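Here the structure of chain E is known, so what remains is to put chain H in place on it, guided by the hints.
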Amino acid sequence: MLLAAYSVLGLLMGCGSQAPGRPDLAEDNAAAVAAGRQLYADIGCALCHGNEGAGDGPNAALLDPPPRDYRDPDSYKAGSSVEQIAATIGSGIESPEGGMPVYGHLSETELHLLATYVVSKQWRSAAAIDAVGAWVSEMPPTVDSAVLWLVLINRGSETVWLVGAHSDAAESVRVHRAVEAGAVVRMQPVGRLPIASGETVRFESGGLHLMLVGVRHRLVAGDNVALTLQFDDGSIERIVAPVERRE
Amino acid sequence: MESGIPRAMAGVALVFAVAASACGGGDVPAAPPSPSTPRGSGSPGPGPAAAPPELQTFDFGGDFELMDQAGASFRLSGRRDRTHLLFFGYASCPDFCPVTLSLLTRVQERLAGQGYSSPAFTTLFVSIDPERDTPERLTDYLGYFALDAIGLTGSQEQIDEVVRQYAAMVQPTPESTDERPLLAHSTYVYLIDGAGTVRYTFRHDDSAEFIASGVAQLLGNTATSGDR
Numbered sequence: 012m013l014l015a016a017y018s019v020l021g022l023l024m025g026c027g028s029q030a031p032g033r034p035d036l037a038e039d040n041a042a043a044v045a046a047g048r049q050l051y052a053d054i055g056c057a058l059c060h061g062n063e064g065a066g067d068g069p070n071a072a073l074l075d076p077p078p079r080d081y082r083d084p085d086s087y088k089a090g091s092s093v094e095q096i097a098a099t100i101g102s103g104i105e106s107p108e109g110g111m112p113v114y115g116h117l118s119e120t121e122l123h124l125l126a127t128y129v130v131s132k133q134w135r136s137a138a139a140i141d142a143v144g145a146w147v148s149e150m151p152p153t154v155d156s157a158v159l160w161l162v163l164i165n166r167g168s169e170t171v172w173l174v175g176a177h178s179d180a181a182e183s184v185r186v187h188r189a190v191e192a193g194a195v196v197r198m199q200p201v202g203r204l205p206i207a208s209g210e211t212v213r214f215e216s217g218g219l220h221l222m223l224v225g226v227r228h229r230l231v232a233g234d235n236v237a238l239t240l241q242f243d244d245g246s247i248e249r250i251v252a253p254v255e256r257r258e
Numbered sequence: 287m288e289s290g291i292p293r294a295m296a297g298v299a300l301v302f303a304v305a306a307s308a309c310g311g312g313d314v315p316a317a318p319p320s321p322s323t324p325r326g327s328g329s330p331g332p333g334p335a336a337a338p339p340e341l342q343t344f345d346f347g348g349d350f351e352l353m354d355q356a357g358a359s360f361r362l363s364g365r366r367d368r369t370h371l372l373f374f375g376y377a378s379c380p381d382f383c384p385v386t387l388s389l390l391t392r393v394q395e396r397l398a399g400q401g402y403s404s405p406a407f408t409t410l411f412v413s414i415d416p417e418r419d420t421p422e423r424l425t426d427y428l429g430y431f432a433l434d435a436i437g438l439t440g441s442q443e444q445i446d447e448v449v450r451q452y453a454a455m456v457q458p459t460p461e462s463t464d465e466r467p468l469l470a471h472s473t474y475v476y477l478i479d480g481a482g483t484v485r486y487t488f489r490h491d492d493s494a495e496f497i498a499s500g501v502a503q504l505l506g507n508t509a510t511s512g513d514r
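Taken in order, these protein sequences are the chains called E and H. The opening position of the first sequence corresponds to residue 12 in the working numbering, with each subsequent residue numbered one higher. The opening position of the second sequence corresponds to residue 287 in the working numbering, with each subsequent residue numbered one higher.
Keep in mind the hints are simulated off the structure, nothing from the lab. Any given hint could turn out to be false.
[Said to hold, decoys possible] Simulated DEER-style distance windows between Cβ atoms:
#1 200/E to 356/H: 32 to 40 angstroms
#2 235/E to 460/H: 30 to 38 angstroms
#3 429/H to 95/E: 21 to 29 angstroms
#4 404/H to 228/E: 31 to 39 angstroms
#5 237/E to 400/H: 37 to 45 angstroms
#6 404/H to 86/E: 46 to 54 angstroms
#7 460/H to 86/E: 27 to 35 angstroms
Note that the coordinates shown come from a computational prediction; the quantities given were computed from them, not determined experimentally. Where a beta carbon is used, it is the ideal one built from N, C-alpha and C, also for glycine.
Extracted from the complex, chain E is given alone in its bound form (with noise of 0.2 angstroms):
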């Protein structure tokens, strides 16, 4: 089981299976990374948890509950820091419907680099990234999905891009733009939104907005939907849209 990579990284840092190691590892936590993405690789992880940690992989429907996408701080029950998730990877989830193995039989330091793999795809906040005026437009009762509108302003020095969004309210969350084609008004899908610094990017009619495709339980004036966008440095941000009624 033991890999080519991890054999070397173990055997440059002289670490058998207790703790001596990790004070390298923490100096270089790359190489820990690495290291614990190969472990990822090697034990199968990714057949429950996705190649990306989102919990999408392809024995993850066979799972009830599936996996959480572990790349959300919030989704861990049992701590989301290192040596908590080496905690819960070494001592499993229990479940009455599945739950997570118990993987006992993986070392301390293999279950330290692991966890220090997981931790790297977690999202951070977004700091450059504001966003402001958030809302979400009431359903007509014949219709599944539903348009977020909003303003993302970027006050950091670089550009940033959105690359995705999340709510569990929806099957999906897209980003599109009403392209307008002679008398045909088209939404066309914006794969990567770049967003420069000190721009202000709006979504409004007529332009960009955020379609929930799949919408679970239909939203009404009064409901708030939690969303999450996810930017291109792994960062991410937290929003609560209201939903109102157009008038």
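Chain H alone, transformed into the frame defined by chain E:
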């Protein structure tokens, strides 16, 4: 509150409405507004008040027969001397149609304030998704809006024919699925006079007062013939 982006724009539009109503009808109309730019939609900042639309007579359009949301037959020619705004859309439409139907609701409110209402003036919503849009579904969709609209559906062939007559367009987008249709479609709002002739094509981003002023021109004429 920060959440009122569209409403802030509506506020601007209201300012324009006041300015426009002060103009009266005697002004020499400016050059016909370009169809590619919004008219009277009140871009922020000072500017000339929007002139009412200069009505024209178009060759496209014409009579058609479809089914209304009560399941009854509807013929445009059966509603002579009445003025209509016609819009193509579909009941699963999450983005464009609700925005436009809200706009048309404001048009209706504005006209009601001038004493014009159904049946002298009615909005027609023609479904471009007749397979899913049963009369019941159209009732549910249109019932959500405070709009006296007649929802129209029919066979795919009938709808295709009306779309062709009105030089409209419907295209499924790449994201469209059977379960969740996403159709790109024409967003013009057609002003149709009491003889069934298209007199103007409004854009989706024209202002409510601009559209209402166009409808009022026709209603002002029919009102003198007693159909009010």
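Verification of the supplied hints:
1. 200/E to 356/H: 32 to 40 angstroms: Cβ of residue 200/E to Cβ of residue 356/H: about 38 angstroms, so the range 32 to 40 angstroms holds.
2. 235/E to 460/H: 30 to 38 angstroms: At 32 angstroms between Cβs, range holds.
3. 429/H to 95/E: 21 to 29 angstroms: The hint (21 to 29 angstroms, Cβ to Cβ) is violated, given that residue 429/H and residue 95/E are roughly 52 angstroms apart.
4. 404/H to 228/E: 31 to 39 angstroms: Taking Cβ atoms as reference, residue 404/H and residue 228/E lie about 34 angstroms apart, which means the hint holds.
5. 237/E to 400/H: 37 to 45 angstroms: 44 angstroms, holds
6. 404/H to 86/E: 46 to 54 angstroms: 53 angstroms, holds
7. 460/H to 86/E: 27 to 35 angstroms: Given a distance of about 32 angstroms, which is inside 27 to 35 angstroms, the answer is holds.
Of the hints listed earlier, the one the structure fails to meet is number 3.
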